[in-house]
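Asks: Each chain, letter by letter, is given below.
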Amino acid sequence: MKPTRPNTKLFHETASQTAGPYVHIGLTPHATGIALYDHEAGSRVAGPQTQGERIRVHGVVWDGQGDPVRDVLIEVWQPNAAGHFAGSDTAEADFQGWGRIVSDFDTGEWRLDTIKPGAPEGQAPHLHLWIVARGINTGLHTRMYFPDEPRNADDPVLTMIDVAEHRQTLIAAHLGDGAYRFDISLQGASETVFFDV
Amino acid sequence: MAETMLYPRDWSRQPPADAPDYLSTRARSPKRPLVYLPDRALQTTGPVFNDDDLGENDWDLLTNYAAPGASANGPRILMHGRVLDENARPVPGALIECWQANAGGRYRHVNDTYLAPLDPNFCGCGRTITDDDGAYRFRTVQPGPYPWPNGPNTWRPAHIHFSVCGASFAQRLITQCYFQGDPFIPHCAIVQSIPNADAVDRLTAKLDLDATVPHDMVAYRFDIVLRGRFATYFENRPEGT
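First to last, the protein sequences are chains A and B.
All residue numbers in the first sequence are consecutive under my numbering, ending with 197.
All residue numbers in the second sequence are consecutive under my numbering, ending with 241.
Hints listed in this document are in silico derivations from the structure and should not be mistaken for laboratory results.
One thing to keep in mind: the hints can contain errors.
[Said to hold, decoys possible] Away from chain B, derived, C-beta distances all over 10 Å, residues of chain A: (1) G47; (2) V60; (3) A81; (4) G108; (5) R134; (6) D148; (7) R151.
[Claimed, not checked] Derived CB-CB ranges, DEER-like: (8) A119/A - A135/B: 52 to 62 Å; (9) P117/B - P156/A: 33 to 43 Å; (10) L207/B - D177/A: 51 to 61 Å; (11) A135/B - D38/A: 41 to 51 Å; (12) D51/B - D162/A: 44 to 54 Å; (13) R111/A - L207/B: 37 to 47 Å; (14) H30/A - D201/B: 42 to 52 Å; (15) G55/B - T8/A: 51 to 61 Å; (16) S190/A - Y36/B: 16 to 26 Å.
Backbone N, C-alpha and C fix where the C-beta goes; we use that ideal spot for every residue, glycine too.
Using the sequences and the hints given, assemble the complete structure.
Replies: So, in C-alpha cells, the structure goes:
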C-alpha cells in the first residue's frame, strides 16, 4: 500500500532521463579508455579486510528481442556478512557495499566480485541491483536472492510475489565454488521483477 | 516509532518505461508494472563519499584532460546549482558525476562516429561532491547538439548528463540537463517522453547572469531535486526548521 498521509512536499523530484549509450564516460571512464581518475567510484565493493564468503556473480541483461544489453551499467548496494551497511560503525572500514558493474562491450557478459551479504531485518540475504542503459528511461531496481537459502521461504518480498515464475526471476543459480549466475530479462516470458522503491 | 519513509516517486512527472517515439525503449521497457516496495534499508542507507576520494581538478572539464596550459575548445560555461530534496532541504555530500559531448557534439567514445572531431583537450567527464548547502559547480564547455539514430533526421538538444548519489540509495538519479532556449528541446523524443511540461522546464538550465564571470564564462543554473522524506510522527517539529 502506498502511504496516503498528507505530505509537505515543496518541490517535485527531478525527472529521470536515460543514461544513454555513453554512460560509461561519466561513471566508469577507465572502461572507455579515459584514464582520468586515480580512484574510480564503485570500483570495489569489499576490500581484503571485509569478512565473509567471497562470491562471484555472472550474468547478462537481455532485451525483448533476445539480444544482450551490451551498454548496460549496473550498481549493487548490499550489507556486509553481518547484515550491516557501509557507513555504520559496525561495518569494516574497507567495505563499501556499493559497486559498479560494466559488461563486456562485445558480449554483454558481466561479473561482480563481492561477499555474500548477511540478512537485514528479518529478510533473506540478497543483493540490490540498479540497472541503467540506453532505452531505459528510469533506472530499474531489482534484487538477487540466493538459491538453497532457507530464509527465502519467509522473506517478505519473495512471499509477496504470488506468481512462482515471477518470483523465480529474482533467484540466482549456483554454479559452485562461490559462483552464481543471475540473468536479467527486461521483457518477455522471463521478465525480471522490478521494484518501485 | 514511525519509520522514516521517502515520498513515493511521482510517476506522473517521470518518463514512462515504454515511450514509443524513443525507439530504444521498445525492447528495453519492462511490460509488467513495478512492484511497490518501500525498502527501508534502501531509503535510509547509501554509499558515502569523501572529498579525499576525488582529485582537486575533477570538477573542471575545461582543464581536467587538457595539456598543461591548454583548455578545451568551445563556449566556456559555469554550470552550477544545488541539490535539494522535496522538502527544500539541501543534500550535502552528494556525489555528482557529469558527462557530455564536446562543443562540436562528439563524445569521446569508440561507438561515436559523428563527423565533428574530437577535442584533444577534452574528455567530457567530471565529478564533484556537494557542499554543506548542497551546492555544486562544474567548469566546462557548452556541448553541441548532434544527430542520433531515432529517425531519418533526429537531433539531440545540447545536454549534459548528470548522475546523483544522494543520502540514500533510493534517491539514486540519472538525468540530463538542457539549455534554456534550445530549439531542439520540443523535437527530442527523449525529452518529450516526460509527460509534464513543468518537469521538462526543470531540466532546462537557465542563464544566470549574476554568476557569469566577466570576460571569462557564461553561467547556467541547474538545481536538482531528490526524493524527500515524510515528516516523522515522533518529532515535535517539522524537519528542517
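Asks: Honestly, which of those hints from before does the structure not fit?
Replies: As far as the earlier hints go, 5, 8, 9, 11, 14, 15 are violated by this structure, in ascending order.
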